[in-house]
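Participant: What follows is the residue order along each chain.
2 protein chains.
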Amino acid sequence: MTVYKAPVDEMRFVLNEVLGYEENVTSLKGYEDATTDLVHAILQEAARLCENELQPLNLTGDEEGCHYENGVVRTPGGFKEAYDMFVEGGWTGLANDPRYGGQGMPKVVGFAVEEMICSANMAFGMYPGLSHGAYNAIEKWADDDLKDLYLPKITAGEWSGTMCLTEPHCGTDLGLIRTKAHPHEDGSYTITGTKIFISAGEHDLTDNIIHLVLAKLPDAPPGVKGISLFLVPKFLPKSAGDDWAPGPRNGVRCGSIEKKMGIKASSTCVINLDNAKGWLVGEKHKGMRAMFSMMNAARLGVGIQGLGLAEVAYQNAVDYAKERVQGRSLIGVKYPAQAADPIIVHPDVRRMLLRQRAITEGARVLAYWTGMHLDISDRHGDETARAEADDFVALITPVVKAMFTDHGFDAANLAVQVYGGHGFIHEHGVEQFVRDARITQIYEGTNGVQALDLVGRKMPKAGGRLLRRFFHPMQEFLFANVTEKNMQEYCKPLMAAFGQLQQITLLLAQKGTNDPEEAGAAATEYLRFFGLVSVGWMWARMAKVALEKQPDDPTGFYADKLSVARFYMKKVLPETASLGISIKAGKKPITTMADAAF
Amino acid sequence: MTVYKAPVDEMRFVLNEVLGYEENVTSLKGYEDATTDLVHAILQEAARLCENELQPLNLTGDEEGCHYENGVVRTPGGFKEAYDMFVEGGWTGLANDPRYGGQGMPKVVGFAVEEMICSANMAFGMYPGLSHGAYNAIEKWADDDLKDLYLPKITAGEWSGTMCLTEPHCGTDLGLIRTKAHPHEDGSYTITGTKIFISAGEHDLTDNIIHLVLAKLPDAPPGVKGISLFLVPKFLPKSAGDDWAPGPRNGVRCGSIEKKMGIKASSTCVINLDNAKGWLVGEKHKGMRAMFSMMNAARLGVGIQGLGLAEVAYQNAVDYAKERVQGRSLIGVKYPAQAADPIIVHPDVRRMLLRQRAITEGARVLAYWTGMHLDISDRHGDETARAEADDFVALITPVVKAMFTDHGFDAANLAVQVYGGHGFIHEHGVEQFVRDARITQIYEGTNGVQALDLVGRKMPKAGGRLLRRFFHPMQEFLFANVTEKNMQEYCKPLMAAFGQLQQITLLLAQKGTNDPEEAGAAATEYLRFFGLVSVGWMWARMAKVALEKQPDDPTGFYADKLSVARFYMKKVLPETASLGISIKAGKKPITTMADAAF
Chain Y
151 MTVYKAPVDE
161 MRFVLNEVLG
171 YEENVTSLKG
181 YEDATTDLVH
191 AILQEAARLC
201 ENELQPLNLT
211 GDEEGCHYEN
221 GVVRTPGGFK
231 EAYDMFVEGG
241 WTGLANDPRY
251 GGQGMPKVVG
261 FAVEEMICSA
271 NMAFGMYPGL
281 SHGAYNAIEK
291 WADDDLKDLY
301 LPKITAGEWS
311 GTMCLTEPHC
321 GTDLGLIRTK
331 AHPHEDGSYT
341 ITGTKIFISA
351 GEHDLTDNII
361 HLVLAKLPDA
371 PPGVKGISLF
381 LVPKFLPKSA
391 GDDWAPGPRN
401 GVRCGSIEKK
411 MGIKASSTCV
421 INLDNAKGWL
431 VGEKHKGMRA
441 MFSMMNAARL
451 GVGIQGLGLA
461 EVAYQNAVDY
471 AKERVQGRSL
481 IGVKYPAQAA
491 DPIIVHPDVR
501 RMLLRQRAIT
511 EGARVLAYWT
521 GMHLDISDRH
531 GDETARAEAD
541 DFVALITPVV
551 KAMFTDHGFD
561 AANLAVQVYG
571 GHGFIHEHGV
581 EQFVRDARIT
591 QIYEGTNGVQ
601 ALDLVGRKMP
611 KAGGRLLRRF
621 FHPMQEFLFA
631 NVTEKNMQEY
641 CKPLMAAFGQ
651 LQQITLLLAQ
661 KGTNDPEEAG
671 AAATEYLRFF
681 GLVSVGWMWA
691 RMAKVALEKQ
701 PDDPTGFYAD
711 KLSVARFYMK
721 KVLPETASLG
731 ISIKAGKKPI
741 TTMADAAF
Chain F
151 MTVYKAPVDE
161 MRFVLNEVLG
171 YEENVTSLKG
181 YEDATTDLVH
191 AILQEAARLC
201 ENELQPLNLT
211 GDEEGCHYEN
221 GVVRTPGGFK
231 EAYDMFVEGG
241 WTGLANDPRY
251 GGQGMPKVVG
261 FAVEEMICSA
271 NMAFGMYPGL
281 SHGAYNAIEK
291 WADDDLKDLY
301 LPKITAGEWS
311 GTMCLTEPHC
321 GTDLGLIRTK
331 AHPHEDGSYT
341 ITGTKIFISA
351 GEHDLTDNII
361 HLVLAKLPDA
371 PPGVKGISLF
381 LVPKFLPKSA
391 GDDWAPGPRN
401 GVRCGSIEKK
411 MGIKASSTCV
421 INLDNAKGWL
431 VGEKHKGMRA
441 MFSMMNAARL
451 GVGIQGLGLA
461 EVAYQNAVDY
471 AKERVQGRSL
481 IGVKYPAQAA
491 DPIIVHPDVR
501 RMLLRQRAIT
511 EGARVLAYWT
521 GMHLDISDRH
531 GDETARAEAD
541 DFVALITPVV
551 KAMFTDHGFD
561 AANLAVQVYG
571 GHGFIHEHGV
581 EQFVRDARIT
591 QIYEGTNGVQ
601 ALDLVGRKMP
611 KAGGRLLRRF
621 FHPMQEFLFA
631 NVTEKNMQEY
641 CKPLMAAFGQ
651 LQQITLLLAQ
661 KGTNDPEEAG
671 AAATEYLRFF
681 GLVSVGWMWA
691 RMAKVALEKQ
701 PDDPTGFYAD
711 KLSVARFYMK
721 KVLPETASLG
731 ISIKAGKKPI
741 TTMADAAF
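In the order they appear, the protein sequences are chains Y and F. If you count by the working numbering, then the first sequence holds residues 151 to 748, one letter each, in order. If you count by the working numbering, then the second sequence holds residues 151 to 748, one letter each, in order.
Hints listed in this document are in silico derivations from the structure and should not be mistaken for laboratory results. Glycine is no exception: its CB is placed at the ideal position from the N, C-alpha and C atoms. Treat the hints with care, as some may be off.
[Claimed, not checked] Chain F stretches covered by chain Y per the calculated footprint, using a threshold of three residues with CB under 8 Å from any CB of chain Y: (1) 154–167; (2) 321–334; (3) 421–433; (4) 461–472; (5) 589–597; (6) 715–726.
Just chain Y, same shape as in the assembly (with noise of 0.2 Å):
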C-alpha cells in the first residue's frame, strides 16, 4: 500500500511566498474573498478527503477496474460513494462561476486541489476532470440556454461530462472525422458516429452524463474547418418544471469499455452515436475552436496529473529509502544501531530521490503560476495584462502538459527503482504510479503533438510576441539577480541555458519558416530545452524567497530548498547541454532514410 500526505505547507509556500498570491489573486474582481485563509482551510479540507477517502481507493480501484455488461459500466467499489462524498463537499463546483452555483474559487486554488487529487487517485480524478472540461466548454461557447439548464447540474456534480472527440481511424487529425449531424428545423440535431477513447463516457456516478461531441453537419467544408460541437445528454432533460431531471433515454450507448495499462478504475468507452438528439455549442463549423477550449484546459489538466504522480510518487520512494535496510554506507556505517544502513545513505539513492523532488517543486511554481496567469487572463481589469496572461499560458500550456507528464511517467519510474523488485510487485501501488502516468504523456495530444504545438504555432505566433513576453521577465529577474552574490550559484547557470535556449529560437525560427520539418525534428528536444529552463526560473525564484528566510528559519526548510535548487542547477539543468548540441544537427540525420528503409 501507497502512502500520501499532501504538501499543504509547500503549496502555501508556492502560493503565498514565491507567487504572492495574496497581491495578484485577491485584488481580481470576484476573488476579494478568496483570501489567504480561506485557502489554506480549503487546501486542508482538499487534504484530508485525498488523503483519508481518494486514496485507499486506488490501488484496490486498479485491481477492480470497470466493469461493462448490456451497455452499464459499474465503477470500482467505494467509488459511488467516495464521489457523493465528493460532490457533498463541493469540490464538483470549486472554481465554477457562482452564478451557476460554483465556489467561484480562483483556478489556481483549483489547480493545487486538483494536484491532490491526481496524487491520492489519478483514476478517479478523471470523472470530476472531465466534468470540468465540459463544463469551460459550456460555459464559453454555448448559448445561454444551455448554460442555464447544463451548468448548474455539471458544477454540483449531479451531472457528468465527457470530450468525444477521438473516432477508431482518428485522433490527432480530427478533419478525418465521420460522425455526422444532422439539424432539425426545432434547432436541434441528430447525431450519428462512433466514438472511441472516451473517457468517463459511460459509469454509474451520475444521474446522467452530457457528452461533447465532434461531428460534421451535411453542408460541411472537408477537413478540420468543417467539425462543429455538439452537446448531446444520456438522458434527455425533461422540463424546467421538473427541474430538468433526466428523461428519455437519448440514442447515445457505450457499446465497450477498453482494458488498458493503467487507470483502470477510469472507463474508457466506445461510444456509439445513433440518432442522438443534441444541441450546437458555439458556431456550425467552427467546432474546433470550442474544442480547443476543452482541450487546453485539459491538457494542462493532464500537466497537473504529472506532478500529482511525480509528488506521490517521490513521497512513497522516500518512505521506502528510509524504511529498507540493506548494506552500509560507502564510506562506513552511518546507523550503527541498525543491522544495516537505510538506503537512503546511497548517493545513487539520493540522487533519484533528488531528481524526482527538484522537478516537481520547480514543476509546481509553474503549474500554479499557469492557474494565476488563468485567473488574471479571465478577470483583471486591465486588457493588457489579461492579454499578457493570455499569451503566457498559450505558450506553457504544451511545455506543462508534455514535461510535466514525462517528469510523472519518469518520477514514478525512478520510485520503482528506489524499491528494487518489491517496486514490481503489485501490492506495493508504486507500479501502478507507472501504468497511470503512461497515458499522460498520451492523451489530449502525444507529447510530440504538444513539441509541434509550440514550435509550430505558439513559437511564430503574433512574430514571436509569446516568446517575447516570456522570455522578458525572465531576463529582467535574471539580470536583477545575478549580481547578488549568494544567487550567482542559482543565477549563472541558468543565464547560460537560457542565452542558448534564445540562440536556439532564433536557429528554429528561420530555419522553420523555410522548412518546417527542420523545426518539427528538433520540437521534442525544444520543449524539453524551454521546459528545464522554465522550471530553472522557478528555482531561482524559489531560491531568492529562501535566502531571504533561511536566516530566521529554525525549521530548516529553506536551506533545503537551497540544497534542492543546487541539485537542479547541477545535476538537472545541465541537460541542456546535450539537447543543445542535438537540436543543432537538425533535420537530416532524422528524414534523409527512405521509409520503405525503416
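Dock chain F against the given chain Y, drawing on the hints supplied.
Facilitator: Leaving out everything else, chain F in the frame of chain Y:
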C-alpha cells in the same frame, strides 16, 4: 496483436561481417564444426520456433498469467506444449557441453537465439533462462557426481533450475540472509528458510526443479563471507539404476506467487525450505563466488532481454507508423493516394524509431561481441587471450546489463508513444513490452548496483587493467580510421566523447580512491557515458564495413546502415555532453542534505 520477424540477416551481418565470427570462433577448440552455414541454419530454425510458437503465446500468457493453488503452479495455456517443442528442438542444450548431451554451440550463437526468444516471449524465456544459469553454476563449481547426475537432465530440458538468493529482508545485501544449512555425515545438508522472488521456482513444465540456494552453515562467518551454495532438488532423484527418475518429494515448496507488473507468465515464487535435503556446490562459505557464476551469466542474459524487447518494440512501432494514416507531412502531401499520410513521415515519429533502432543495432554488436569473448575466454589456446577475454567480459557485463535494459524499457515506451492512445490498450500488445521490460532494470542487481560494480569494482580492479584493455583497441581503431575521409563523420564525434570518457575515468578513479561516495554519486551517469561510447564504437565498426560494401550493394542495406550510424553520432552520442557536466558536479549536490530532510 504484435508482430515479430527475427532479424536473421542483421544477426548474420553482425556475426560475420562486423565481428569476424569465422575467424574468431570456428578457430576455437571444439567449435570447428560451428561454421557460419551451420549457425545460419540454427538461426533460421530458432526464428521459426520463436515467430510461430513462442510469439503467439506472449499476449495470451500475459492475460492469463500463472495460477497458484496449494503449492502447485500452472503456467498459461500453451506454455507446456511450447516448452515441449522447445525441448524437442534441442534448444535447452544449445550451448551446453556435449559431454552432458548439449549441442556444444558457441555461447555467441546462444546469445543470438536468446535474443529471439526474448523478443518473441520474454516470460517464456525465463524458464530455460534460469535453467541455463543453474547449469553454468553446477558445471563450474559442483563436484563430478552432481554434474553427472544433474547436468544431462537440465541440458535435456527434463529438469529446470532456479537461483534462490533473495529473502524478504535482503536482496542486494546478501550478507543478511537467514536461511540455514545443517551438515550431515553422509555429505548432504538440510536447509531451512524462506526465499522470495524466485523465478521459475515452481511450474508445470518439467518433471523436476533444481534449486540453487544460498544459505549459511552453523560455522559461517558473518556477512557475505559466510554464505554457501546448495543444490536442492524439488524431488530427490531415485538412483542411477532408475536413470535418476524423480523420487520422494523434498522439503521445498512454493508458498505463493507474486502478482506483478509484467512477465506475468513467468512464475515468481515464494519458496519455503523446510529441512530440505541439499548438497554443497563449491566450497563451504564460498557461495558468493559460485553464485556470481550464475549472476554474471544472468546479468548478460538480462541485458539480452533488454535487447530483444527493444528489437520487437521497434518492429511493431515501424509497422504501426507505416500503417497509421493521420494528417499530412509538414512539408506537403507525401502519399497523395491516401486520405492522409502515414505517420512515419513526421520527423518526431522518425526520431523515435531511429532512436530505438540506433541503440538496438549498436547494442547487438556489443552483446554478441561479449558472447564471443565468453567463447574465447573458455576455449582459446592462448592463456593471455583467455585472460584478456575474461577482463573484457568482467568489465562490460554491468554495462550490457544496465544500458541495454534501460534501452529496452525506453524502446518499449517509444513504441507505445508511436502507437498513441492505441499503445495504452492491452490488446495491441506494446504496453506489455513496457511492463515486461521494467523488471530487467531491477533484477540480477538493479541498474544502480551495476553502476557501482563498474565504478567500484571493475574500474579499480588490477590497477585499471580492465579499462586499459578495453580502451586501447578502441583508441587504435579510432586512430587508424579517423584519417579516412569517409570515416571522419563517425570517428570524430566518437573520439571527442571517448577523450572525455578517459578524462572522467581518471577523475573518478582519483576522487573515488579518497572518497567512495564520489564514485558512487557519479556511477549511474558514468555507466551510461561508458555505454554510449562503447556502442558508438560498435557503430563506427559497422560504418567501416558498410562503407566498404556499399558500392556493390543494390539493396541499400549498407547505405541505410550509414544513415543510422549518422543518427547515432548526431542524435544519441551527444547525450554524453550533459553526462559529463553532471558527473563533474561531484557528490556535493547529492550528499549534502540530511536524510531527515527528504
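Participant: Take the hints in turn and mark each one as holding or not.
Facilitator: Hint-by-hint comparison with the structure:
1. 154–167: With 0 residues in contact (Cβ-Cβ under 8 Å with chain Y), the coverage given for the segment 154–167 of chain F is violated.
2. 321–334: Result for this restraint: holds, n = 5.
3. 421–433: violated (count 0)
4. 461–472: Contact hint for the segment 461–472 of chain F vs chain Y: holds, 3 residues under 8 Å.
5. 589–597: holds (count 6)
6. 715–726: As far as the segment 715–726 of chain F goes, the hint holds, because 7 residues have Cβ atoms under 8 Å from chain Y.
Checked against the numbered hints above, the structure breaks hints 1 and 3 and satisfies the rest.
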